[in-house]
Amino acid sequence: MTVAMLMVFFRSFFLQTLWNFERLQNMGFAFSITPLLKQAYDSRESFRRALRKQTGYFNTHPYFAPIVMGVVYAKAKTSADSQKGEDTTLQVLKDSMGGAFGAIGDHVIWGTWRPFCAILALAIGLLVAYSATPDTNRITMFDTPAARSCAQWWIVGFLAIFNSVHLWLRGRGLQKAIKEGPSVVQWVQSLHLQMWAAQIRRVGMLLLAVMVLVYFSRWTSSDMLLWMVAVLLGTVILKRWAVSGSVIFYTVCAASVAMTFLGIHWP
Amino acid sequence: MIPRFIVSALWAGVIALDFTGFGPFMVSQPMVCGPIFGWLLGRISVGVILGGIVQLIWMDVTPVGVGIPFDTTAVTLLAVYWATLTPHESLSQIILALLIAVPFGYLFRAMDFYARRLNTLIVRRIERVSDDHLPAAMNVGIIGGLAWSWARYAVFYAFSMWAGERLWTRLAYSPRMTWIDQGLTMAVILLPVAGMGVALELFLLEDPEGRLTSLRHLRLPGRRRGDAQ
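Read top to bottom, the protein sequences are chains A and B. Number 119 in my numbering belongs to position 119 of the first sequence; there are no gaps in the numbering. Number 208 in my numbering belongs to position 208 of the second sequence; there are no gaps in the numbering.
Derived by calculation from the structure, the hints in this document are not laboratory data. Even glycine gets a Cβ: it sits at the ideal position worked out from N, Cα and C. One or more hints might be untrue.
[To be verified] Computed footprint of chain A on chain B; a stretch qualifies when at least three of its residues, placed anywhere within it, have a C-beta under 8 Å from a C-beta of chain A: (1) 113 to 123; (2) 133 to 146; (3) 165 to 173.
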């Protein structure tokens, strides 16, 4: 069982390899769950029939997919053991769990955990780079030694923090789902992911405030500080209007060039 | 001697696999792939500056549902490649490289869109095999899909790097007005601030997934004749 579980854990990283517009993650899901289905069914015929059924439409957040795989296995195993025949509720359960976990994953992982880890690593990297070269009015990241220590934090720090939760969710989720079946939903509820997301967002804002202060502190010129505050607030307003990052990027570049052309400011 | 753009494109193809092939472990995030690619090309500081700026400005870009987002990995890798072509980079040149690279984020998104249409054909072919051969067909399909993802990215990166190199060489070596250089240097200072504004707004939102799924910035599959209603 453990070997099959480890194989499913590893295979689940290929969930999106054959992502397609027709049935989304269907082939990745069927490929990943194969070792568990082999365990669930005694006869080769039943296994193949069950595997064929898993090639239907499926979509969820990739980090929550192993939970759905575990539930599908548990249900398949129960119906195979009781020899009741085909479980007609399995596809409905799979679809509903996929949709629900997809929504949770988008909010908690993509919308909260990823930006939080990024800001945390960026802030630490920036502090490390600044403490390495304490001069003011300079872009310290440009110095190679400072950039190197900054990069270490960004790469190792970000990947380690982010993937600790990612890998735990995949591994523990799969383990729990195999053991508990559809009741794994209660385990997911007990994690209070939405509440944690709200707390993380507050801490994220605090971190961001520290990062802004650290970055701004390098610039002693009051004119430059004024421009920086204007850019910060302007971007928040533009984002509220759902302006894309590309438009913001080109606007800041154009405004900077226009300012120096008009002689308004040069740091 | 293998040309620099080919070696770089092969590595870029490996990094791009993170989201489409195996993972995602977030290696393709700009703040990670930028410094790694900069280090591979011998100029880590360029990778740090570009990776940091792209990460912050496009903080809210992520693949949600069936939408294909703007490709920030391509923007970072291409900008790092072009910015490291000259022996001594200046801050203004780094931003110049990014100015050229941003449209490629949309081109790569379009490429990914059509590549996934091809995935549909591969999946249909796998589904057609008999039950006896289905597990083997899936194994071949996944390995093939991984190889296809890497190959298409490597080829597209190679072409983009080569084509952009022509434009970049003209721009980087031609004399620029002082105010343009100064303006672009000032943009290096202001762009991270704008990025912090993007992150702040993302954290202020009550429902971040509402922003992430904002259909205005995602490429969605169009309904074709014969598609299921």
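Here's how the hints hold up against the structure:
1. 113 to 123: holds (count 6)
2. 133 to 146: It holds: at least three residues are needed, and the segment 133 to 146 of chain B offers 8 whose Cβ sits within less than 8 Å of chain A.
3. 165 to 173: That given contact is violated, which follows from only 0 residues of the segment 165 to 173 of chain B lying within Cβ reach (below 8 Å) of chain A.
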